[in-house]
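> Below, each chain spelled out in residue letters.
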Amino acid sequence: MSATAAAITVSDLTMAYGSFVLQRGLDFTINQGDIFVIMGGSGCGKSTLLRHMIGLMQPAQGEIWYGKENFWKLDETDRAAILRKAGVLYQSGALWSSMTLGENIALPLAHYTSLAPKVIDELVSFKLSLVGLAGFESYYPAQLSGGMRKRAALARAIALDPDFLFFDEPSAGLDPISARNLDQLIQELCEGLGATVIIVTHELASIYAIGTNSVFLDGEKKTMLATGDPKMLLKECQEETVVQFLTRGTGKREVRTV
Amino acid sequence: MHSPRFRLDCSQKGEVRVILSGYWTLQSEPPNPGPILSALVPEVRHLHFAEEGLGNWDTRLLIFLQNILNHANTEQRAIHLEDLPSGVRDLLHLSATSPKQSPSLGANKESFITRVGNRVLDLTDQSIEIATFIGEIILAFMELLGGKRPFKSRDFFGFVQSCGVESLPIVSLIAVLVGVILSFVGAVQLQMFGAQIYVANLVGLGMVLEMGALMSGVIIAGRIGASYAAQLGTMQVNEEIDALRTMGISPVGFLVLPRMLALMLMLPLLCIYADIMGILGGSIIGVSMLDLSLIEFLEQTRKTLTLNQCGQGLLKSSIFGVLIGFAGCLRGMQCGRSALAVGAATTSAVVTSIVLIVVSDSIITYFLYR
Ligand SMILES: Nc1ncnc2c1ncn2[C@@H]1O[C@H](COP(=O)(O)OP(=O)(O)OP(=O)(O)O)[C@@H](O)[C@H]1O
Ligand SMILES: [Mg+2]
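Each protein sequence line maps, in turn, to chains A and B.
Okay, so the first sequence: first residue is 27 according to our numbering, each after it adds one.
Okay, so the second sequence: first residue is -6 according to our numbering, each after it adds one.
If you are wondering where the hints come from, they were derived from the structure by calculation, not from laboratory data.
Note that the coordinates shown come from a computational prediction; the quantities given were computed from them, not determined experimentally.
Glycine included, C-beta positions come from ideal geometry on N, C-alpha and C.
One or more hints might be untrue.
[Stated by the list, open to error] If you want a taste of the chain A side facing chain B, the calculated C-beta under 8 Å gives, among others: (1) Leu82; (2) Leu109; (3) Arg110; (4) Tyr116; (5) Ser118; (6) Ala160; (7) Gly220.
Please work from the sequences and hints to get the whole structure.
Now the structure itself:
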């Protein structure tokens, strides 16, 4: 596959809870190897958009394409086959609370592969060490801090070396240094695994540091205002709301990375 | 400390000045804004706010001003806030410019017919949901029979332990007391005819046919059904169930099936245990109040009960096990995404299971004795 093949295409998507329409007319393409940022104000439907892409909510209208497959037209087993290549980091972490960290990460491995338990154990400790939690296998999620839970959830998300990684606000609740490290980790995973990353974040620093493509959702107009490389949007976008967001409300168009 | 006050100055034509003074805090009673509003006759084109010895102020001042502004027809006249502290101006501006539209979740101005229609649609949705859930459980069960185990055995044995061994103390207490109550009720009547030995029949039949299954069912509905609903509901809130789903692991197979199996396995055993405890409870009364010996009492019980009758009790409790597991897990999986919803799911699980238990009990009894 060429480096610029479309990995996910969203076309004319309308998202709604019952009769309450959140967003309509969403149209954008996520390319293979992108770090794709979903931006927008609180409550505009970013997490909901993610839920549509990972098979948890059905579009009210429109389509989501994974490569050449119309995701929501597939039957359940085919959808599961696509999702098998996806790792998700939820806004709340969503570690399984009745299992230790080790078991949390081992479960997808055991479910999808026929590796020997010993190999799985090795994989688990390797993934945990990637996120800086080496030796925490036997801890329960409740025994960890919020930031540690986030990182453990990241380790679970990358357990199966996925092609697609979905992150919902990965750096919320992390200190600046850990947030920076997480950015680097995401970038390295993206390059190392060749994964396509879809990430919801408010952190301007991360957006400029790692984002290669993006979409901006507006809660008031209930549609997207712009899509493209965030650094280009900063320079060229004409939409006032987007510029305000990207410049932290100052309107000064210069990239500031920490 | 000066109480909040204002002074009106209408000396210039077409202009009203409101001069605020004193401490405008939530602890103090604000003056009545009536005079200002009545001064705002249509000819007034400018409304000035100013201060003169304004002390501390907080939201009290802001809501006072906001109320006036809401009534002041701001399209027809200019409002001048320049002379007020900048904090007051900024906060009023912030509040005025924040978007007023709130999403119309379940719009409240629906007509009666719309509401009825929506209810009916909800009802069909719910029936489909329940049917799907039952179907998923059956599929997961078939998978299990086919030799695939979709859950962790450690989880399963944990549930077996909490349904079984850990429920023994409470089941013992209740069953013994029910046995005592049954034999009391019987003894009062039967003693009149000198037929106290038949208390053993009454207790034995009562426990084995009805009360053993019913009481253990109700206890387990409260103890285990509720905890299943709470566990699954909390997992729903924490997105743990979503995480299973996206990973392609069936939440029904992984979470619901082991819980249901544990209940189906343990409830009949608990029922047998409750039967025995109830008969022992009855014999306590028999021995202590009716001058029967323990041997006599137990022998009479043995002569009365048939294996068939014991089977009826067991059949009931197996069905109750399925119903409690079903109600608890269903309510947990249907749970919304808040702490409040978890509470509601728990309550609803208990109510649903007890209703199901009693209704199914009467149906089964009807068919057995028809
Ligand atoms: N189950 C639900 N039923 C109805 N409305 C919902 C439900 N869940 C979310 N919403 C509404 O959908 C909107 C978008 O929610 P979403 O979680 O997607 O926001 P978000 O963009 O991720 O916000 P944040 O940045 O704060 O996480 C909100 O206005 C919320 O009120
Ligand atoms: Mg969100």
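> Hint by hint, note whether the structure agrees.
Right, here's what the structure says about each hint:
For the restraint placing Leu82 of chain A at the interface with chain B, the shortest Cβ-Cβ distance is roughly 5 Å, inside the 8 Å limit, so the hint holds. For Leu109 of chain A, the shortest C-beta to C-beta distance to chain B is roughly 5 Å, which falls under 8 Å, so the interface hint holds. Below 8 Å, beta-carbon pairs count as interface contacts, and Arg110 of chain A has one with chain B at about 6 Å; its hint therefore holds. With a least beta-carbon distance of about 4 Å to chain B, the hint placing Tyr116 of chain A at the interface is held under the 8 Å criterion.
Of the supplied interface hints, the one on Ser118 of chain A holds, with its beta-carbon coming within about 5 Å of a beta-carbon of chain B, less than 8 Å. The interface hint given for Ala160 of chain A is broken, as the beta carbon of that residue sits about 23 Å from the closest beta carbon of chain B, more than 8 Å. Annotation: Gly220 of chain A was flagged as interfacial toward chain B, and the flag is violated, the nearest CB pair being 20 Å apart, outside 8 Å.
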